[in-house]
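Below, each chain spelled out in residue letters.
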Amino acid sequence: MYIKLSNGKVYDPVHGINGEQRDIYIRDGQITRKPSSNTKIDKVYDLNGKIIMAGAIDIHTHIGGGKVNIARMMLPEDHQADLVSRTELTRSGCGNAAPSTLTTGYRYAEMGYTACFEPAMLPSNARQSHMEMADTPMVDKGAYAMLGSDDFFLRMLSSKKDQAAISDYVGWTINASKAMGIKVVNPGGISAFKFNQRQLDLDEQNSHYGVSPREILLSLIRAVTELGIPHPLHVHGCNLGVPGNVETTLDTIKAVEGMRMHMTHVQFHSYGTEGDKKFSSGAAEIAEAINKNPNVSVDVGQILFNQTVTASGDSLHQYAGHWHAHPKKWVIMDIECDAGCGVVPFKYRDKNFVNALQWAIGLELFLLVEDPWRIFLTTDHPNGAPFTSYPHLIRLLMDKSFRNDMLSTINKEAAKTSTLGSIDREYSLYEIAIMTRAAPARSLGLKSRGHLGSGAIADITVYTEQKNKEKMFSTPDYVFKDGELIVKNGKIVKVVNGGTHILKPEFDKGIEKSLKRYFDDFQTVSLGNYKMHDDEIIEDGRGKVIVQPCM
Amino acid sequence: MALILKLHTQPDVPLEADCICPDKFAQLSLQQVEQLPVFHGNRQVALGDFFHCSGDNDGHIQIEGDISKLKHIGSMMSFGSIRISGSVGVHTGAAMSGGEIIIEGDADDWLGPEMLGGRIVVKGNAGHMVGSGYRGSTVGMQGGEILVLGNVKNETGHVMRRGLIAVNGNAGDFTGVNMLAGNIFVFGEMGIRTGAGMKRGSIVSQTEPQMLPTFSYACRYRPVFLTHYLSYLVESGFSIDPDMTRGEFERWCGDSVELNRGEILFYTGK
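Those sequence lines, one after another, are chains A and B.
Read in numbering that gives the first Met the number 0, the first sequence has 371 at position 372, and its numbers run on one by one without any break.
Read in numbering that gives the first Met the number 0, the second sequence has 47 at position 48, and its numbers run on one by one without any break.
In short, the hints are calculated from the structure, not lab data.
There could be a bad hint or two in this list.
[To be verified] If you want a taste of the chain B side facing chain A, the calculated C-beta under 7 angstroms gives, among others: (1) Y133; (2) G135; (3) S136; (4) T137.
[To be verified] Derived DSS-like pairs (lysine-lysine); straight-line CA-CA distance at most 27 angstroms: (5) K198(B) with K327(A); (6) K49(A) with K508(A); (7) K493(A) with K543(A); (8) K276(A) with K159(A); (9) K328(A) with K198(B); (10) K508(A) with K159(A).
[As the list claims (entries may be wrong)] Chain A stretches covered by chain B per the calculated footprint, using a threshold of three residues with CB under 8 angstroms from any CB of chain B: (11) 14–28; (12) 308–322.
For clarity, every value in this text was computed on a predicted model and none was experimentally measured.
Where is the CB? At the ideal position from N, CA and C, for every residue including glycine.
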């Protein structure tokens, strides 16, 4: 079956197409070349003047796993305030900051997103994460496995085990947890918290294992490189949210010595200590370092003013933040001695100096990092703001006068110290297409997504160009997933399930011998039960496994 | 004269009937009341598909028939009364702020959760979580009273902050768990872990409960305020040992893992 999207303005940065009027042909879920003139076209969409982009990809959004469920359980008020009724097509749900799985999927699709990646899947919790992702319809999913504070890895590192063995362990973990990449959260810090350390800088040692975050970081980056994982190590650095952490972040960039690294929610890692309040923006220095180091990519983790909930594996800094919980309740917990988890509800206020400056720092980063291929649009959902505020964020980036209007409403002192008002840059549609489509796909190694060339999977979003970009990006005219029309005028017309992207890197199976011994001695589940199988994602008939190649 | 709802068809699956509430019936004709939406499982249907409606719509509702599959009756109600001739399902009187619900039979779990005011009287037994907070809430019942003449199950008065819960029969485990303030009376036996994590508030019992190690003995005395409470409860139909009004009580403080400002009082005989 042939579908033709006729005469739309195409934004396809992978092929350098910047708003040219073109026809796009879809056949059997894939974008294809123009068929010969006597081929029957089954359906034509006349898109004269409309904007066509690939389906958007969210590289960092907490949509599954234990912490999100804790957030859901802890916040009945979040559910009561945002109830979603069932319709003929969609099922009911609730929640704004931590929406239920089905609602998450629907809302992403209604904004033109076709793939979302859960950044903090604990390997011991992988089954739960995959079950939740299987319950998230409409979009493709994937997850990064969290390593770096787990006992087995830290033991290996402290006993100076061979890098090859560590790489095998990392490869085994990706296979066992069905992951799409590796994430490290506050390297070694989650473990240090359990040994009563309340902070851990890049070169400080974890008091129990005697290893520093720098060693952990380098070891994991080498492993990721050796295994040929397309997505560079996903780094949630040290000292999140601590004033003065700009130095740590710069040191981290220097520490990787030119190796590829993705630094996540970098807004929370760009704070200086200048001024009366000892809190200032380090965005300019961070942006300069990112501009100079082409091996580093970042996502921002923009905050927006509203009630939300912060959910992170970084129990050390979540504990430090629990004093500011709103409403006043929080959870910090250990998970299987391999990581931690902290859930703290939070309300960002525009009249609060720190929150207002955080907002400005995020935007400064967006506007000062020159290469949109290396900076991705995220709010670290739900930590900075719920993902439903992306259209608002896009408007802030594309519309200088709107941005300045907003700037004039925030805390006066914060607005005065920020350089945001003096930055003239406005993102173009082409750059938005890069940062929300092409660049995440490239970073994740999704060769057939994020572009509109022949052979790509037909995940396509069509918008009507409007001056108000928030409106434009919140209600796409059409969204196609695998060539099927799933959203029309911002409303779901067909429910699909999407697949799960995973990697199967090669590694030496010999590692299972020492793992087996470790599991028998220390773990609560056996090695055999710990490992997930593809069947578990597929078996209820909804899921689909998409194996992406390693480099 | 009240508005009479008579069950003519028993629902196959639970019926979400939060529309059965004087606030939602206000100003409606009988036909309009029958048109109000209810959820039968996941299908929206009309109230009239299950109930005949008659009488006067004057803020008083009388429900006849076995409605143990009906959920959320009287949720958010602020005035009037609902009289239920048989047993009722879960979430009855959720977050109600005024008025009265009288249940002649038994009530299921979650009776009067997060209630703000008003009165619920159950002539039979009630289930778990009477007058409690929803999972994740830090505050449960904030006012009003729940009187149960039979027994209740676990977690009665969980995170309650104000108001009165009185049980003529036995209570399950965790009575008054994490309670912030308020009064709970139990005239039968209580299960284990009474008052676990309580900050303030009083749990009054006719029998000696199994005390947690984090509670400490304070004194033996004759609390005057109890006389008023007990005579009120007797008026409300409770059968209480008349000696109790003049008897001695042992006072225990707790829970010391929290503020230690709560108390458990139990009757020690004359």
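Hint by hint, which ones does this structure get wrong, listed from lowest number up?
Of the numbered hints, 6, 8, 11, 12 do not hold.
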